[in-house]
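Asks: For reference, the chains in residue letters:
Protein chains: 2
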Amino acid sequence: MKILLKNCLVLQAGGKTVTAAGGLNIVVHNSIIEYIGKEIPDERFDSVKDMSGKLLMPGLYNCHTHSSMVLLRGVGSGLPLNDWLFKAIFPVEDKLTEDDIKAGSELAALEMISGGTVSFSDMYFFPKKTAEVVLESGMKANICRPVQSFDPDEKPENCYRIAESEALFKEYNGAGDGRLLVDFCVHAEYTCNPQVVRAYSEICRNYNGNMHIHLAETEKEQRECIEKYGVTPAKWFDSLGAFDSDAFAAHCVVLTEEDAEILKNRGVSIVHNPTSNMKLGSGFAPISRYMDMGMNIALGTDGAASNNNLDMFEEMHLASVIHNGFMRNATAVNASEIINAATVNGAKVQRRAKCGKIAEGYRADIIALSLDTPHMQPCLDPVSSVVYSAQASDVCLTMCDGKILYENGEFLTLDKERIMFDVKKSVKRLYK
Amino acid sequence: MKILLKNCLVLQAGGKTVTAAGGLNIVVHNSIIEYIGKEIPDERFDSVKDMSGKLLMPGLYNCHTHSSMVLLRGVGSGLPLNDWLFKAIFPVEDKLTEDDIKAGSELAALEMISGGTVSFSDMYFFPKKTAEVVLESGMKANICRPVQSFDPDEKPENCYRIAESEALFKEYNGAGDGRLLVDFCVHAEYTCNPQVVRAYSEICRNYNGNMHIHLAETEKEQRECIEKYGVTPAKWFDSLGAFDSDAFAAHCVVLTEEDAEILKNRGVSIVHNPTSNMKLGSGFAPISRYMDMGMNIALGTDGAASNNNLDMFEEMHLASVIHNGFMRNATAVNASEIINAATVNGAKVQRRAKCGKIAEGYRADIIALSLDTPHMQPCLDPVSSVVYSAQASDVCLTMCDGKILYENGEFLTLDKERIMFDVKKSVKRLYK
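So the protein lines, in turn, are chains W and C.
FYI, the numbering used here numbers position 294 of the first sequence as 294, with every residue one higher than the one before it.
Position in the second sequence counted from 1, then plus 1000, gives you the numbering used here.
Please keep in mind that the hints were generated in silico from the structure rather than gathered at the bench.
A virtual CB, placed ideally from N, CA and C, is assigned to each residue, including glycine.
Incorrect hints may have been included.
Unchecked claim - One-sided and incomplete, this derived list gives chain C residues near chain W with beta-carbon spacing under 8 Å:
hint: 1; residue: Arg1073
hint: 2; residue: Ser1077
hint: 3; residue: Glu1098
hint: 4; residue: Asn1158
hint: 5; residue: Ile1162
hint: 6; residue: Ala1163
hint: 7; residue: Ser1239
hint: 8; residue: Gly1281
hint: 9; residue: Asn1308
hint: 10; residue: Gly1325
hint: 11; residue: His1375
hint: 12; residue: Pro1378
hint: 13; residue: Val1427
Claimed, not checked - Subject to a maximum C-alpha distance of 30 Å in a straight line, what follows is the list of computed DSS-like cross-link-like pairs (lysine-lysine):
hint: 14; chain 1: W; residue 1: Lys6; chain 2: C; residue 2: Lys1416
hint: 15; chain 1: C; residue 1: Lys1006; chain 2: W; residue 2: Lys425
hint: 16; chain 1: W; residue 1: Lys38; chain 2: C; residue 2: Lys1432
hint: 17; chain 1: W; residue 1: Lys432; chain 2: C; residue 2: Lys1006
hint: 18; chain 1: W; residue 1: Lys49; chain 2: C; residue 2: Lys1228
hint: 19; chain 1: W; residue 1: Lys128; chain 2: W; residue 2: Lys95
hint: 20; chain 1: W; residue 1: Lys128; chain 2: W; residue 2: Lys416
hint: 21; chain 1: W; residue 1: Lys38; chain 2: C; residue 2: Lys1425
hint: 22; chain 1: C; residue 1: Lys1416; chain 2: C; residue 2: Lys1403
hint: 23; chain 1: C; residue 1: Lys1006; chain 2: W; residue 2: Lys424
hint: 24; chain 1: W; residue 1: Lys6; chain 2: C; residue 2: Lys1424
hint: 25; chain 1: C; residue 1: Lys1416; chain 2: W; residue 2: Lys49
hint: 26; chain 1: C; residue 1: Lys1038; chain 2: W; residue 2: Lys428
hint: 27; chain 1: W; residue 1: Lys6; chain 2: C; residue 2: Lys1403
hint: 28; chain 1: C; residue 1: Lys1049; chain 2: W; residue 2: Lys416
hint: 29; chain 1: C; residue 1: Lys1006; chain 2: W; residue 2: Lys416
hint: 30; chain 1: W; residue 1: Lys416; chain 2: W; residue 2: Lys428
Assemble the whole structure, with the sequences as input and the hints as a guide.
Replies: This is the structure we're talking about:
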């Protein structure tokens, strides 16, 4: 399969300054970007698309979410964090079945695909159901079976979640021509005992795994960990070997300077979730400082119960303005850094080689934004247009691994009507 | 002209808690909402629309913008405020002609109408051109001729801008069946001498006018005013009579407690512009505190040069999460307050009676959001969906004074293609 994209204006992510170049032609051969240049190669194409009036950029990476929580969109909105979690969220989660997770993952896939997200790092129940949806949808994802161990005396060998995590890895890691990867996951410090974290971290290391963790989301978490163990969650995880593998930590709102140094030295990536952290009143990660330290910063929406959507354009927008506002410095975080966070840095978090850029030899994960809307005109500075002006709805093409998943409002791999029907069924049962 | 809107799910703004009610039928008679109820009145309608699967809410009020600055969208993005203003913005503004303002106002009208904004408070050059566009488009707006007086010795009688402001008021206030209102406007403390402010404020009072002011946007403005006059800008304006009329102040980022008390006591409304203030590194207005004081808080996008769009959904979203994040309190600002800020409170700023709510006897300023998108499903809490989940692109109907301006992607009063052509012409000349 060869696709020619003609007359492309392309955002070139990955550099210190993201730039845009026009008049380019792109040849996608199966899943790979084979050629980018001013000339059109003299060969036969299965499909030719004129991309005039559109802006192409790498597909977006949502590096921390609980995708099927879209079924809980808006539940308990406005409640304080603890009431939100214990009174609103947990009672619904308690009723979730495999079928719900399937429907929720599909709804999330529709939302992400139509908003330009090509890959996500997921952490939720029944991950096999999400895996099926990922494979069917044509998206990429890093899924995991989160390990929790609420009983302080539980032994690792009795923790069935560890066994499930290992089994998930063996069954699905690398499926779909590598579109599906399986990460390891300690849910959080406050939901796991130390012996389980230690043993599980060793397993992760043995598989050369990638560890996904909730870290330092709230003052409460930080304070209670210090009360319990005498150290911060970051130090606690480090001492138990959780950062001995590749690892990425969502939130990182309340890290101490020493915590940040630990993460930096261990090469742990940070996933910034500004909407969720701010909406729940937790604060926000000072990514400007982390970027200055040279850490890898990616973006995530968190779940739709605390966001309340999976819109990476909204997340880019928020991440691009809040730090300037809080630091009273118009140059604290710039648009290029935010585009990199949402693309190449995310690919790095997910350990995906040759992903996150539009470049020859890279995976063809390309999205196009229509510029034919009032709010995208004039497009004097495409980088700034993407970060500050665009909406997710501007996405008119989503291609993942060379396959078109969405074009001009149509989903090409998923049946929107059937999914909406299944979602209604789940919602009816969950909230009856 | 009678329009029946059937099967409506309606957000009821204006109360302490905004609620939603379904199964309603709405009769719009000319410019007025004549009836809302469960029954369908037995009469003849010129048009009947089934609103199933949509969410209706009052049209949005953008209470501080410089609409035709859409022509400068993205210019100087990422520069520090002073460089942005002096090196990037002013040189382009210097070239703006009446034709540019026409094209810019039209582009802004397209963006606002398609994003659910029915009315805006504008402050920019050549306001007559914007007035023409407002009248043509079917929108509402409060326009003004901003008064500046850079020469500290300039006398009011020599300030031609005052004369122009008065003339604008006489010519246009109340035009288009009241859709167009003309406000008075002192641009800012740092661009006006005191004798001009004093004299102009008296003129405003004599006309029973409404005063639009930039106030306390930056630390620098506050500090330099104190150095120059020994008082803050708020006290300075108050002492010169600027708040003797109805008045509204944009920004209010760095008010002292005493300043806030003055504004409260003088009944001055505050227009919160979170994106612009944060993006430019100025900070943000602590609206949670002002709301607790009982002040009238509305929302604005500011100009697209510092935003970089006129998207009131983005503004609602930002205003709804940043205060919670900054104050580390999930209940600092709630969704109902934000919907009221964007609707009824804005109508109050613009001194528009019977506007900003969907209620019998009110002006028919109604927008509908499609719920048939993945990110709006499930819609368990419509209030929360509007503030936290929606995008401007969800707007599928914009009605102002009973006239449909936009429906399912089509503009019914403006010629998008012709406007886009004119915009390109202006842009080419401005940036050649």
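Asks: Please go over all the hints and tell whether each is borne out by the structure.
Replies: Here's how the hints hold up against the structure:
1. Among the interface hints, the one on arginine 1073 of chain C holds; its C-beta lies about 6 Å from the nearest C-beta in chain W, closer than the 8 Å criterion.
2. Using the Cβ-Cβ criterion of 8 Å, the hint placing serine 1077 of chain C at the interface with chain W is satisfied: the shortest such distance is roughly 4 Å.
3. Because the closest C-beta pair between glutamate 1098 of chain C and chain W is about 19 Å apart, greater than 8 Å, the hint is violated.
4. Checking asparagine 1158 of chain C against chain W: minimum C-beta separation of about 36 Å lies over 8 Å; hint violated.
5. Below 8 Å, beta-carbon pairs count as interface contacts, and isoleucine 1162 of chain C has none with chain W, the closest being about 33 Å; its hint is therefore violated.
6. The restraint placing alanine 1163 of chain C at the interface with chain W is violated, with a minimum CB-CB distance near 34 Å, outside the 8 Å limit.
7. This hint is violated: serine 1239 of chain C has a C-beta 28 Å from the nearest C-beta of chain W, more than the 8 Å allowed.
8. Hint on glycine 1281 of chain C holds. Least Cβ distance to chain W is approximately 3 Å, under the 8 Å limit.
9. Annotation: asparagine 1308 of chain C was flagged as interfacial toward chain W, and the flag holds, the nearest CB pair being 4 Å apart, inside 8 Å.
10. A hinted interface residue such as glycine 1325 of chain C counts as satisfied when its beta carbon comes closer than 8 Å to some beta carbon of chain W; here the least separation is about 3 Å, so the hint holds.
11. A least Cβ separation of about 5 Å between histidine 1375 of chain C and chain W falls short of the 8 Å threshold, and the interface hint therefore holds.
12. Against a cut-off of 8 Å between C-beta atoms, the interface hint on proline 1378 of chain C holds, since the closest Cβ of chain W lies about 4 Å away.
13. With a cut of 8 Å, the hint placing valine 1427 of chain C at the interface with chain W holds, because the nearest CB-to-CB distance is about 5 Å.
14. A threshold of 30 Å between alpha carbons decides the hint, and for lysine 6 of chain W with lysine 1416 of chain C the separation of about 26 Å falls inside it, so the pair holds.
15. Restraint check for lysine 1006 of chain C and lysine 425 of chain W: the C-alpha separation of about 25 Å stays at or below 30 Å, so the hint holds.
16. A C-alpha spacing of about 24 Å is found between lysine 38 of chain W and lysine 1432 of chain C, which places the hinted pair at or below 30 Å, so the restraint holds.
17. The hinted pair formed by lysine 432 of chain W and lysine 1006 of chain C meets the criterion: a straight-line CA distance of about 26 Å does not exceed 30 Å.
18. This hinted pair does not check out: lysine 49 of chain W and lysine 1228 of chain C have alpha carbons roughly 61 Å apart, beyond 30 Å.
19. Restraint check for lysine 128 of chain W and lysine 95 of chain W: satisfied, since their Cα atoms lie roughly 18 Å apart, inside the 30 Å limit.
20. A threshold of 30 Å between alpha carbons decides the hint, and for lysine 128 of chain W with lysine 416 of chain W the separation of about 21 Å falls inside it, so the pair holds.
21. For a cut-off of 30 Å, the pair hint linking lysine 38 of chain W to lysine 1425 of chain C stands: about 27 Å separates their Cα positions.
22. Restraint check: the Cα-Cα separation between lysine 1416 of chain C and lysine 1403 of chain C comes to about 18 Å, which is no more than 30 Å; the hinted pair holds.
23. With a C-alpha separation of about 22 Å, the suggested pair lysine 1006 of chain C and lysine 424 of chain W falls inside the 30 Å cut-off, and the hint holds.
24. Pair hint lysine 6 of chain W plus lysine 1424 of chain C holds up; C-alpha atoms about 22 Å apart against a cutoff of 30 Å.
25. Distance hint between lysine 1416 of chain C and lysine 49 of chain W is fulfilled; the C-alpha atoms sit about 25 Å from each other, no more than 30 Å.
26. For the proposed pair lysine 1038 of chain C and lysine 428 of chain W, the alpha carbon gap of about 24 Å is at most 30 Å, so the pair holds.
27. Simply put, lysine 6 of chain W and lysine 1403 of chain C have alpha-carbon atoms about 42 Å apart, too far for the 30 Å limit, and the pair is violated.
28. Proximity of lysine 1049 of chain C to lysine 416 of chain W is assessed by CA-CA distance (about 25 Å); at most 30 Å being required, the pair is judged to hold.
29. Proximity of lysine 1006 of chain C to lysine 416 of chain W is assessed by CA-CA distance (about 26 Å); at most 30 Å being required, the pair is judged to hold.
30. Our distance criterion of 30 Å between C-alpha atoms is met by lysine 416 of chain W and lysine 428 of chain W, whose separation comes to about 18 Å.
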